[in-house]
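Listed below are the residues making up each chain.
Number of protein chains: 4
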Amino acid sequence: MLASQRLHDFNRPLQDDHQFRLTYTQDLLGRRGLDVQDIVRRLVAFQVAIPSWALGTGGTRFGRFPLGGEPRSLEEKLEDVGLLNQLNGSSNSISLHIPWDIPQDVAALQQQLQEQRLTIDSVNSNTFQDQKEQPASYKFGSLSHTEQAAREQAIQHNIECVRHGEALGAKTLTVWLADGSNFPGQQHFRHAYQRTADSLAAIYEAMPSDWTMLIEYKPYEPNFYSMVIPDWGTSYSLCQQLGQQAQVLVDLGHHLPNTNIEQIVGRLLHFGRLGGFHFNGSMYGDDDLTTGSMKPFQLFLIFNELVDGARDEAVTNAAVAYMIDASHNTKDPLEDLLQSVENILGAYAKALLVDRALLADYQAANDVVRAEELLRDAFLTDVRPLVQEAYCQSGGALDPIGAYRAERIREQLIRQRGKLSLSTGL
Amino acid sequence: MLASQRLHDFNRPLQDDHQFRLTYTQDLLGRRGLDVQDIVRRLVAFQVAIPSWALGTGGTRFGRFPLGGEPRSLEEKLEDVGLLNQLNGSSNSISLHIPWDIPQDVAALQQQLQEQRLTIDSVNSNTFQDQKEQPASYKFGSLSHTEQAAREQAIQHNIECVRHGEALGAKTLTVWLADGSNFPGQQHFRHAYQRTADSLAAIYEAMPSDWTMLIEYKPYEPNFYSMVIPDWGTSYSLCQQLGQQAQVLVDLGHHLPNTNIEQIVGRLLHFGRLGGFHFNGSMYGDDDLTTGSMKPFQLFLIFNELVDGARDEAVTNAAVAYMIDASHNTKDPLEDLLQSVENILGAYAKALLVDRALLADYQAANDVVRAEELLRDAFLTDVRPLVQEAYCQSGGALDPIGAYRAERIREQLIRQRGKLSLSTGL
Amino acid sequence: MLASQRLHDFNRPLQDDHQFRLTYTQDLLGRRGLDVQDIVRRLVAFQVAIPSWALGTGGTRFGRFPLGGEPRSLEEKLEDVGLLNQLNGSSNSISLHIPWDIPQDVAALQQQLQEQRLTIDSVNSNTFQDQKEQPASYKFGSLSHTEQAAREQAIQHNIECVRHGEALGAKTLTVWLADGSNFPGQQHFRHAYQRTADSLAAIYEAMPSDWTMLIEYKPYEPNFYSMVIPDWGTSYSLCQQLGQQAQVLVDLGHHLPNTNIEQIVGRLLHFGRLGGFHFNGSMYGDDDLTTGSMKPFQLFLIFNELVDGARDEAVTNAAVAYMIDASHNTKDPLEDLLQSVENILGAYAKALLVDRALLADYQAANDVVRAEELLRDAFLTDVRPLVQEAYCQSGGALDPIGAYRAERIREQLIRQRGKLSLSTGL
Amino acid sequence: MLASQRLHDFNRPLQDDHQFRLTYTQDLLGRRGLDVQDIVRRLVAFQVAIPSWALGTGGTRFGRFPLGGEPRSLEEKLEDVGLLNQLNGSSNSISLHIPWDIPQDVAALQQQLQEQRLTIDSVNSNTFQDQKEQPASYKFGSLSHTEQAAREQAIQHNIECVRHGEALGAKTLTVWLADGSNFPGQQHFRHAYQRTADSLAAIYEAMPSDWTMLIEYKPYEPNFYSMVIPDWGTSYSLCQQLGQQAQVLVDLGHHLPNTNIEQIVGRLLHFGRLGGFHFNGSMYGDDDLTTGSMKPFQLFLIFNELVDGARDEAVTNAAVAYMIDASHNTKDPLEDLLQSVENILGAYAKALLVDRALLADYQAANDVVRAEELLRDAFLTDVRPLVQEAYCQSGGALDPIGAYRAERIREQLIRQRGKLSLSTGL
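In order, the protein sequence lines correspond to chains A, B, C and D. Using the UniProt record's numbering, the letters of the first sequence correspond one by one to residues 1 to 426. Using the UniProt record's numbering, the letters of the second sequence correspond one by one to residues 1 to 426. Using the UniProt record's numbering, the letters of the third sequence correspond one by one to residues 1 to 426. Using the UniProt record's numbering, the letters of the fourth sequence correspond one by one to residues 1 to 426.
Chain A with its partners taken away, still in its complex shape:
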């Protein structure tokens, strides 16, 4: 961990410029009647979970180019998240991936969490790889497998994930199912769906009553003909059958080309079934790039729906779990995560600028130009001073990446963990 004095020292020479820009932004938004302090408070409160698997260098099936200093244990992963949270004050929780992150010493881990003021956001099951010593293979599926033994094994693994999560205070199980088929005829669509529904029901039964099950969807990869849960409609139908604790998880990279994701977000909010979000950036498919790096306007429009839903009493469940789910093939993973969080906060801040009463008026009058311009005005406003102010008020760095580099953190990590360290699970 960084000494807070270091951050203080880092911020000092940047304060003048920050105040210059912040003052202007406050004036600008104040002239429109916006409560800037309230926006900053909301930004301070906003938290995005960091997935344990995004702390090391990712890769594609074609290769991997690690840069060293990757966390070699769950404890080191927590250290990395703690560091990020020190820098930006917006990542106070971690998503675990079982079996990669099975805690060895729960009590010690709990203590570390407390010391670093972190929580466990959710546990993620893994039935897309075979683990050593595992009796049944997932080559042809897990919760949807034709053989009961494989299904049962996958069910028990998910329940085990819940147990690990309970020990650490988590309340969410995220199920991403890689099940599907690569060729026509391989899988019977209707039967595979029903087997999946039945398996999920068994897991749901075993879940504590204050837990949420998030059901992710994805149209393709690792299967390239069909996925058992390819779209929001399938996730939603499964949730309906399971009960109110089952919710849909939207991953930004899990859609066919040209999908209007923000509309899906609105749809699920309307149904009270939007449970969680996996942020990343994509241009072609599940590219797992930095959030907001490719389609910043789309990211804003998604937050526009989220904020709209959160402010609408008719929306029965607007408590969405936010998590990054990206891979870092090119950039330093920690820098990439700092960028992603910054882009997310920026999109959120812009969505908070929208005058929803006025927007409703324009929409009612079908004044398309004015309605669009209202959103564009929010999008085009430079809200970075507000995000930086939030960093500052959280005790973080005005420029998290700058501080990360100035402190030569990667170099330190390489010294501590080695040039060839590999993040567990990757």
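Derived from the structure by calculation, the hints contain no laboratory data. Be aware that one or more of the hints could be misleading.
Because identical chains share one entry, a pair is satisfied inside a single copy or across any pair of copies.
[What the hints assert, rightly or not] Only pairs whose alpha carbons sit at most 20 angstroms apart, straight line, appear in this in silico SDA-like list of lysine to any residue:
1) K132 to T60
2) K139 to A365
3) K132 to L67
4) K419 to Q15
5) K139 to R61
6) K419 to E133
7) K132 to P66
8) K132 to L420
9) K139 to D382
10) K139 to L67
11) K171 to P99
12) K132 to E221
The hints should help you fit chains B, C and D onto chain A, whose structure is shown.
Here is chains B, C and D on its own, set in the frame of chain A:
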């Protein structure tokens, strides 16, 4: 109408070759234990409705190149459908489009239907264009419109469609909603959905208890940012709210790139919510080409699901309404429709060849290669002799397009209706 | 035309707020060493041509909802463009579409152009529709037609376009070819290409030596299996065969899903073959929406290439012709055009902020995060005060749409031209 | 290797059925004046190279499920290809991947090649992964790298590939460049292109005068913002700069959604620049599935272009190198390859059925329906008896997969090579 002797004369010189190919196909399939006569009977029984709007030359927003002889009235449209049905015995019904096809003299129309042994398949409402004298405009929506007057007008129009249909013995209302938005901010996603749901409920209420409402979905066009009903999940959720008479309609051209449509078909069958089908061909979007012209394997895989569902008692509703919904920019519309029906029958025939018990065994054993090869074997088999035999047994032409050309029907139609006749509605 | 005093009066109450924001922006950018006055000068100088066909309400193949007051003649189209140019000072030229815009009285038109300080940007040929009395039909192609008579007719039409253009001082012929096929087998790919190349050569020969031929490409629509010129590679190969006066035209809506358009722009600049640009916005295909409405970041990245090319001596031809090519189904066409121009100017202004020497350093060092952040910093900066200052310095309105509405211009046009006036050509 | 008697024994009980189907097919096609023996001869002569890397179980970035018995050395890879070639007589060559397949003992390898009657088809360089001890990293590119040392290393590696190939009698170097960028700003498009062109020129210079350099393109993956060679236009432009020995390689999985690949094939044939083909199957992206498994009609249309080009004297270079390039995540790799070859031969056989003179007549007359039906007729004809006859005449199995299973070859390989053997390179 063609004198049946003419078809007889046309077929005579083709019979030798037909018998040569049919005999072989019977032997080939018989060796595998298939009941060829049963397959032919099913092909004879299979009927695809013809949409009234597909009988004239279509066009794109860039232009239209009519070829003449287009039907100038509903009566002439029935004549064209009757002719098609004479030629292939597979199109004994027509889908009406209101207001383009409002019958002037119901009794006369009923008589014509009887004489031509045709029925009215469904009525299709139109709220994507403004009609003269119409008080409210649909420029900004119809069933989802922000203004109650526009919604009410659209509701009444749909109810009026039902009334027209009742008078003619139809039992199906097809709702394709062009509502949506071209720009972010234009429409409030959640409110537009709810207004649509409420409007549909009002129509549903007014529908006789033996009618079915088919709810179509489409991701884009004529709106290019969002459509109120963009995907099967939205259609399905609306059907759930309305009741069991509401069913989803799948149009082959209404999907985002790379969508696995056959899986959606299986999904909806599983839910007992697949009510209808609009056949056409597409490579890019809603291209409205000849069915089967672009992705014949996909068409086969869709029929594979349909046949699988029809033979499975667990599927509670497999009574799917089949209709062509295409546009004919390049080809003679009647030739295009004959081709489409032939391609549909071919895909159906191939799906009937699949040994489902054996397929289930391969699937259970995860023998991917054998399961796939089983489907491919059906797909690669040349079933055209079976389709032609079905034509023959229905009193049609062994080669419908050949007969159409030999009889110089287009030339006759041009003489009767003129070179510049325009199909009503286009 | 608006009296300039009206614009002055309109601007007066907005000046305080404008100066507040402009001063800040100048300070902000000045601190980074940017010459804000130079940027504003470049914005003032930047001009985007308005296409004559975008001044009326467009539509889709499903319908059209005109709003009235559309220009009924070429003269009225010039009036509309003159009005736009008064409001934003950035649209001092018009693209003509032949035969929709064949001038009746050339001398009078020249005088009108002079009075309104407008020029003719380019002439666009039309071989995608049949005109009355035209001997050969373009149903099956024009420059690529299998029949020589049709090809010759299309060649002569293009040459005639050049002649009309010469009379009015234009120097550019834009060729968008709708030729292609809807079905496999319809067209012989290699022969169709060669016929097209030969036809273009005949037109090229007839073009004055100071003219440029722009060759547009489009992957689909109005043909849905193949287009003769579907991609930049085909346009480029044709240009290579024709000569240096032939250049590629990029239309933002003419690409397959997920295409990296900015890279194509860079590629063509590298080859000295980027001749022109058609701006519009799209989410799915050739949606023809307001420029920048859907993918503002992409628009910025495209301008980043354009500015980069313009500043690089190695780029032999960076004189790109800019034109809007959109359709207005929902919005008032004139408001849509004002928005488009504003979004274009904003993207251009942001691209001018990029420190290219520093970017080159980051790229050389493969400092991916810093290189990306440099671009993002420019993109996230609010440049609207600079664009407004450019409007102001050009004698236009600080808020062109606001002025347009305040002056009730649409209402005036409806009074003058009628509620049912239809723009010629639509 | 299988004793040929084994194949003879395997075929014997299948001969009756084969002759029944073959006789019919000969009659059917003979009635149309087709020379069936000539078609079979062409099928016998047709050869598709097998890539060394497709002999083991592939995988995705999410996991890998090997089935055992994979070849542990180049020698074992040759054994596998020899076996395939025994079974289908259509795969008499192998593509090497350097450094995975650097031969240790060239003389021994030459002898093995001779004994198995195999040749080396091409050598493929690898600059998308870092090899141990390699001084410069390819993390940020190879031939396009900003640093000369990395470029030089990649150039030398390619030249080394040529040297290895020369020793083994190969004549083709395939260059697939993974270079590109994941984020806007990371790479300067124009400079990266020029560096690539210069690097390729250095390799081209070092290539013997009877060699061909194949330049592959791919729009995305492993880079997800831009690839240096994303499309055929870029490959083509590089070939033009290099010289006539440089040719474009088309990989079926390397295109954006909805691309008309057969048209690209025709285009490159027209330019005399189609040098090679990588066959695989895809629904979404570079899915690397069994060739023909997803879009069999597209595969036929591609062969339609290839056959058309091969028969046209105007096409100056129709000597296309055919290779499979797939990955086998689900199926036994050898079965998958047998399927792929069968699908390729089937598509080729169908393309040989097309009456090109008649097609030209229909095209000249713009008889769209007849032209399309001519192609469809070929596609719908069941040509499997011809493919099987070709197997038979080559001394292979009438049912290669059946023989592979009957001989329990995978089980043998597992016994010989072990359950956990991993194919080198994967």
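Hint check:
no., hint, in the structure
1, K132 to T60, "between (23 angstroms within a copy, 18 angstroms between copies)"
2, K139 to A365, "between (55 angstroms within a copy, 12 angstroms between copies)"
3, K132 to L67, "between (27 angstroms within a copy, 15 angstroms between copies)"
4, K419 to Q15, "neither (35 angstroms within a copy, 59 angstroms between copies)"
5, K139 to R61, "both (17 angstroms within a copy, 14 angstroms between copies)"
6, K419 to E133, "between (30 angstroms within a copy, 15 angstroms between copies)"
7, K132 to P66, "between (24 angstroms within a copy, 13 angstroms between copies)"
8, K132 to L420, "between (23 angstroms within a copy, 13 angstroms between copies)"
9, K139 to D382, "neither (49 angstroms within a copy, 34 angstroms between copies)"
10, K139 to L67, "between (31 angstroms within a copy, 10 angstroms between copies)"
11, K171 to P99, "within (18 angstroms within a copy, 49 angstroms between copies)"
12, K132 to E221, "neither (23 angstroms within a copy, 30 angstroms between copies)"
Violated hints, listed in ascending order, are 4, 9, 12; each of the other numbered hints is respected by the structure.
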